[in-house]
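> Next come the chains, spelled out residue by residue.
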Amino acid sequence: MTNEELKIKLTELLSSATFEEGTDPIAIGWVNLFIAPAEWKPFAQQLRSTEGLDFDFLFCVTCIDWKTHLTMVYHLTSTKHRHTIVVKSKLDRTKPEIETVCDIWRTAEFHEREQAEMFGVNFLNHPDLRKLILTDDFEGFPLRKDFEDPINMIKL
Amino acid sequence: MTAQDIIFYLLAAFTLVTGFLAVTTTRIFRSAIFLLFSLIGIAGIYFWLEYEFIAAVQIVVYVGGIVVLIIFSIFLTQEAGANLPDTTITKKITGGIAAACGFGFTLLQVLQHNFTGTTEPGIEPSVANIGNRMLGVNEFGYSLPFEVVSILLLAAMVGCIVIALKTPVQK
Amino acid sequence: MLEEVSVIDQGDMIINIGPQHPSTHGVLQLVVTLNGETIKKVEPHLGYIHRSIEKMCESLSYRQFIYVTSRMDYLSSHINNHGCALCVEKGLQIELPERAKVIRVLMDELTRIASHELWWGAMAMDLGAFTPFFLAFRERETITDIMEDTCGARLTMNYIVPGGVMADLHPDFQRKVKAFIKLFREKADQYNELVTGNIIFQSRMKNVGILSKEDAISYGCTGPTARGSGVNCDIRKLYPYEIYDKLKFDEILETGCDSFSRYLVRVKEMYQSISIIEQLIDNIPEGDFQAKTKAVLKLPKGEFYTRVETARGELGVYIVSEGGTTPYRIKFRSPGFSNLSALNHMAKGGKIGDLVAMMGTLDLVIPDIDR
Amino acid sequence: MWSLGNITQSVDAWLNEAFSPAIALLIEFVIVGTMAISLFAILGLVLVMMERKVSAYMQIRLGPNRVGPKGMFQTFADTIKLLLKEGLTPTGSDKFLFNLAPVIAIISAMLLLAPIAFAKDFQMWDLNIGVLYVSAISSVAVISILMAGWSSNNKYSLLGAMRSGAQIVSYELSAGLSILAIVVLVGSLKMSDIVASQETGWWLFKGHIPALIAFVTFIIAATAETNRAPFDLAEAESELTAGFHTEYSGMRFALFFLAEYVNIFIVCAIGATLFLGGWMPFHIGQLEAFNHVMDFIPSSLWFFGKTFFLIFVIMWFRWTFPRLRIDQLLNLEWKYLLPISMFNLLLATAIAIMGWHF
Chain A
0 MTNEELKIKL
10 TELLSSATFE
20 EGTDPIAIGW
30 VNLFIAPAEW
40 KPFAQQLRST
50 EGLDFDFLFC
60 VTCIDWKTHL
70 TMVYHLTSTK
80 HRHTIVVKSK
90 LDRTKPEIET
100 VCDIWRTAEF
110 HEREQAEMFG
120 VNFLNHPDLR
130 KLILTDDFEG
140 FPLRKDFEDP
150 INMIKL
Chain B
0 MTAQDIIFYL
10 LAAFTLVTGF
20 LAVTTTRIFR
30 SAIFLLFSLI
40 GIAGIYFWLE
50 YEFIAAVQIV
60 VYVGGIVVLI
70 IFSIFLTQEA
80 GANLPDTTIT
90 KKITGGIAAA
100 CGFGFTLLQV
110 LQHNFTGTTE
120 PGIEPSVANI
130 GNRMLGVNEF
140 GYSLPFEVVS
150 ILLLAAMVGC
160 IVIALKTPVQ
170 K
Chain C
0 MLEEVSVIDQ
10 GDMIINIGPQ
20 HPSTHGVLQL
30 VVTLNGETIK
40 KVEPHLGYIH
50 RSIEKMCESL
60 SYRQFIYVTS
70 RMDYLSSHIN
80 NHGCALCVEK
90 GLQIELPERA
100 KVIRVLMDEL
110 TRIASHELWW
120 GAMAMDLGAF
130 TPFFLAFRER
140 ETITDIMEDT
150 CGARLTMNYI
160 VPGGVMADLH
170 PDFQRKVKAF
180 IKLFREKADQ
190 YNELVTGNII
200 FQSRMKNVGI
210 LSKEDAISYG
220 CTGPTARGSG
230 VNCDIRKLYP
240 YEIYDKLKFD
250 EILETGCDSF
260 SRYLVRVKEM
270 YQSISIIEQL
280 IDNIPEGDFQ
290 AKTKAVLKLP
300 KGEFYTRVET
310 ARGELGVYIV
320 SEGGTTPYRI
330 KFRSPGFSNL
340 SALNHMAKGG
350 KIGDLVAMMG
360 TLDLVIPDID
370 R
Chain D
0 MWSLGNITQS
10 VDAWLNEAFS
20 PAIALLIEFV
30 IVGTMAISLF
40 AILGLVLVMM
50 ERKVSAYMQI
60 RLGPNRVGPK
70 GMFQTFADTI
80 KLLLKEGLTP
90 TGSDKFLFNL
100 APVIAIISAM
110 LLLAPIAFAK
120 DFQMWDLNIG
130 VLYVSAISSV
140 AVISILMAGW
150 SSNNKYSLLG
160 AMRSGAQIVS
170 YELSAGLSIL
180 AIVVLVGSLK
190 MSDIVASQET
200 GWWLFKGHIP
210 ALIAFVTFII
220 AATAETNRAP
230 FDLAEAESEL
240 TAGFHTEYSG
250 MRFALFFLAE
260 YVNIFIVCAI
270 GATLFLGGWM
280 PFHIGQLEAF
290 NHVMDFIPSS
300 LWFFGKTFFL
310 IFVIMWFRWT
320 FPRLRIDQLL
330 NLEWKYLLPI
340 SMFNLLLATA
350 IAIMGWHF
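One line per chain: the protein sequences are A, B, C and D, in this order.
108 is the number that numbering that gives the first Met the number 0 gives to position 109 of the first sequence; each next residue is one higher, with no gaps.
0 is the number that numbering that gives the first Met the number 0 gives to position 1 of the second sequence; each next residue is one higher, with no gaps.
185 is the number that numbering that gives the first Met the number 0 gives to position 186 of the third sequence; each next residue is one higher, with no gaps.
113 is the number that numbering that gives the first Met the number 0 gives to position 114 of the fourth sequence; each next residue is one higher, with no gaps.
In short, the hints are calculated from the structure, not lab data.
Treat the hints with care, since some could be wrong.
When the alpha-carbon atoms are kept at most 35 Å apart in a straight line, the in silico DSBU-like pairs for lysine-lysine are as follows [as the list claims (entries may be wrong)]:
#  : chain 1 : residue 1 : chain 2 : residue 2
1  : C       : 300       : A       : 40
2  : A       : 130       : C       : 175
3  : C       : 175       : D       : 69
4  : C       : 40        : D       : 154
5  : C       : 347       : A       : 40
6  : C       : 350       : D       : 52
7  : C       : 40        : A       : 94
8  : D       : 69        : D       : 80
9  : C       : 39        : D       : 154
10 : A       : 87        : C       : 54
11 : A       : 8         : C       : 212
Just so you know, these numbers come straight off a predicted model, no measurement behind them.
Using the sequences and the hints given, assemble the complete structure.
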């Protein structure tokens with residue numbers, strides 16, 4: 000499916016989604032779309048199961064700290080049709096919350112745990128949101144821009 | 000006292016002391032180990048009597064078989080290293096009476112028996128002799144059926160373990 | 000649906016495999032819940048060598064951060080560097096000279112063989128056979144020698160930089176690589192004779208650690224791990240970079256879905272890499288090994304994502320740039336991290352001895368997972 | 000001609016002349032005991048060295064080559080290191096059993112030396128149940144492993160001990176049955192009788208198919224009983240770190256280590272005695288001249304040569320094969336080896352009754 004067809008199809012699924020365009024060369028010409036955090040879970044389910052889309056492979060889950068807000072970035076691809084989209088969602092920086100998708104793509108379980116401890120994103124309904132990499136008593140979210148740790152320096 | 004006597008008394012003391020420890024210790028695994036030593040002591044007495052075959056069988060069956068089975072059932076059923084609860088006074092008394100009765104009965108038999116000395120050479124406990132006895136149908140024969148019965152013991156031990164194992168939780 | 004996290008029954012045993020345990024090739028902790036010898040649950044605990052490479056990269060320039068990435072998956076450091084260099088080049092839209100492309104592919108494939116060699120030895124050692132480990136090192140040593148000549152390093156090479164490669168090939172390179180190909184073809188049969196055909200080895204590996212095709216996709220597995228389950232996911236074929244679209248090689252797919260299939264994929268991949276090297280080694284084009292670039296690289300504002308195929312699977316490099324000299328945010332989508340997440344699913348119901356076979360065929364490199 | 004048998008006889012005669020019989024016997028006990036212990040120490044040193052060198056040459060490396068000529072004294076250095084190391088006792092362990100376990104292991108290994116015929120007329124105790132004695136005493140060794148695993152208060156140790164217990168108890172059956180096949184052919188359990196019966200040819204050659212099958216089963220079962228790779232599940236380092244001796248250090252660990260190597264020697268010695276004629280030189284039927292030439296090689300050399308050949312075979316296994324899994328290990332025994340060796344025993348009996356062997 001070409002990007003134009005994808006866009007039409009995606010707009011059918013979720014009319015409130017906005018596409019990010021114009022800032023070339025964005026990510027190999029993949030379709031970038033923004034959605035509201037609350038719409039993510041049902042939309043994800045549709046992405047996974049809708050005929051013709053079949054996004055069955057979530058290959059990257061990232062969070063970006065923009066100092067004013069956080070952005071969750073999900074890279075999805077379909078092993079059947081070989082098309083790729085990037086779904087982004089803006090989160091409130093003081094209380095970042097988004098539904099988990101680890102029951103749709105199991106790989107999300109680990110990736111979400113990682114982003115949760117690095118950025119403090121709360122993935123609702125995640126089965127096991129303990130710290131995966133950091134020690135259990137670690138305080139702060141290291142990948143946020145305002146994180147300072149004078150003891151274990153990671154900034155040059 | 001000759002060297003023979005000294006060896007006998009040493010073996011007997013070893014058997015008795017470890018046997019006593021086996022029933023008095025509060026740790027079940029240690030109890031099994033003391034039982035093992037007691038059985039080895041008895042095997043030692045058989046060796047001393049030059050009944051090597053019986054001694055070896057004693058070790059194979061009791062040490063290599065029964066005690067290992069007991070240890071395995073301890074592994075499967077008991078908490079690691081836990082002490083047993085102290086025995087109650089009634090258990091002590093009944094156990095003591097049972098032991099005393101057994102001892103008295105054995106002593107009575109030994110004292111009543113009329114041991115007669117003999118100058119005949121002993122039967123050589125070679126494998127050929129034992130084999131003939133086992134399958135023979137004349138006097139002192141028929142050992143084999145008796146040995147077959149001992150399979151029952153094994154079956155009982157296996158049954159014990161099966162019962163002791165927890166039934167897997169059904170989902 | 001997610002499998003339920005079962006409550007630990009009475010009589011279950013919890014065993015720590017790692018972080019200091021002979022079967023973990025690095026500091027990975029697995030908390031294994033056992034019922035007798037049967038595994039009920041495996042919980043990975045990570046982070047023993049977490050260095051927060053992503054955060055470090057935010058304060059390093061586009062030329063500097065490549066050196067840190069060699070330390071992620073140290074067994075395929077060339078390919079890590081390659082992924083990062085590609086991402087930067089995409090942002091700057093640099094066109095590489097042909098020679099640089101060929102050198103990069105040659106180095107990548109040599110690294111892939113070296114990595115698979117080490118995996119092969121360690122895999123057999125996990126299963127209790129020590130000798131293959133030493134045999135594998137014999138061939139791997141030849142590759143590291145070749146690397147040392149050209150790159151000056153044996154493990155963390157830092158050879159591929161944005162715009163090409165760091166230096167030209169060593170004059171001995173072609174001769175030594177050809178000698179290696181000859182050696183490898185001779186010795187690889189020995190591998191199959193000693194390990195692949197061994198009946199004990201096969202019975203340890205077959206029907207162990209089943210990962211179905213759907214599960215492999217759902218868990219985000221890539222590389223030989225997924226290809227052992229029949230998922231075609233070779234980035235070199237699907238999204239060719241450099242000159243991979245001009246080369247003849249097969250994507251190895253096995254459909255056994257078990258440890259043995261994953262094993263076979265890796266062994267066969269070594270042969271494919273050898274054939275790629277054979278195609279290129281006599282045809283290295285003359286010319287520059289580096290494109291002309293500015294001294295200070297500045298990526299335009301935007302987001303860049305590149306995918307490369309490392310020895311362990313798909314490495315994604317995601318750079319978010321604000322237009323400065325350092326990345327605003329950089330994310331490495333490491334193959335090991337996703338592959339590891341499938342371990343619990345695979346191990347459930349297996350024996351503790353199987354866990355070793357599964358971990359072996361996942362080919363985990365811990366710094367790659369922790370980053 | 001000088002032989003070990005002659006020396007022992009002359010020493011015995013001289014002692015009986017010089018002292019009263021009781022004291023002479025006591026002195027002989029002391030001499031034999033000293034010799035047994037020194038044999039133990041030498042075996043430990045030699046076998047560890049041999050293992051290292053064999054593995055090194057199989058793995059295209061040199062092995063130890065710093066201490067002494069060609070690294071021959073490396074094991075001495077290691078022994079000294081082990082002697083000087085602190086023997087730790089983990090908290091929460093059953094100290095009495097923890098300390099007792101290695102002693103039991105070494106004592107059972109020592110007792111097993113008694114019936115082995117090292118050379119012509121050179122044997123500690125030629126008791127008439129020789130082979131049965133060996134299988135009886137070797138069943139005590141498993142107790143030491145179970146004890147060590149249980150008393151260490153460590154999960155790896157416990158798992159290792161359970162594995163090892165299950166393994167040794169099961170493999171003892173087929174080891175015993177394959178020994179019995181030869182016993183049936185000989186008609187005696189006595190070591191000297193077994194060796195004497197092979198004067199015209201070793202059982203491996205003149206025992207037809209049952210002896211061959213018994214030999215193969217015996218080698219497999221012996222490898223399993225001594226916890227050697229590919230059956231080293233009790234100490235599978237990639238699964239259980241070190242199995243039942245995870246918590247042992249210093250000299251107590253060394254005792255387990257030594258017992259393992261001496262057990263290898265003993266099972267190989269038994270194998271050599273049963274199947275390869277023990278100290279009996281290689282004889283072919285009635286070829287007098289050939290047999291006579293073979294007799295010139297000292298009997299002790301024959302015995303040790305055969306034993307070390309079998310030891311080499313077992314080491315070869317270790318450095319070639321991957322490890323089995325516990326269920327595969329037990330399947331191998333109960334589904335294949337045990338039925339085969341039972342059937343083989345019947346076959347051997349038939350051959351012995353019909354007199355089909357040479």
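> Work down the list of hints and note, for each, if the structure agrees.
How the hints compare with the structure:
Using a Cα cut-off of 35 Å, the hinted pair residue 300 of chain C and residue 40 of chain A holds, with the two alpha carbons roughly 30 Å apart. Restraint check for residue 130 of chain A and residue 175 of chain C: the C-alpha separation of about 48 Å exceeds 35 Å, so the hint is violated. Of the supplied pair hints, the one linking residue 175 of chain C and residue 69 of chain D holds, its CA atoms being roughly 33 Å apart against a limit of 35 Å. With a C-alpha separation of about 17 Å, the suggested pair residue 40 of chain C and residue 154 of chain D falls inside the 35 Å cut-off, and the hint holds.
Of the supplied pair hints, the one linking residue 347 of chain C and residue 40 of chain A holds, its CA atoms being roughly 28 Å apart against a limit of 35 Å. Restraint check: the Cα-Cα separation between residue 350 of chain C and residue 52 of chain D comes to about 34 Å, which is no more than 35 Å; the hinted pair holds. As the CA atoms of residue 40 of chain C and residue 94 of chain A are separated by approximately 33 Å, the hinted pair is consistent with the 35 Å bound. Between residue 69 of chain D and residue 80 of chain D the alpha-carbon distance is near 20 Å, which keeps this suggested pair within the 35 Å criterion.
Between residue 39 of chain C and residue 154 of chain D the CA atoms are separated by roughly 16 Å; this keeps the pair inside 35 Å, and the hint holds. As the CA atoms of residue 87 of chain A and residue 54 of chain C are separated by approximately 21 Å, the hinted pair is consistent with the 35 Å bound. For a cut-off of 35 Å, the pair hint linking residue 8 of chain A to residue 212 of chain C stands: about 27 Å separates their Cα positions.
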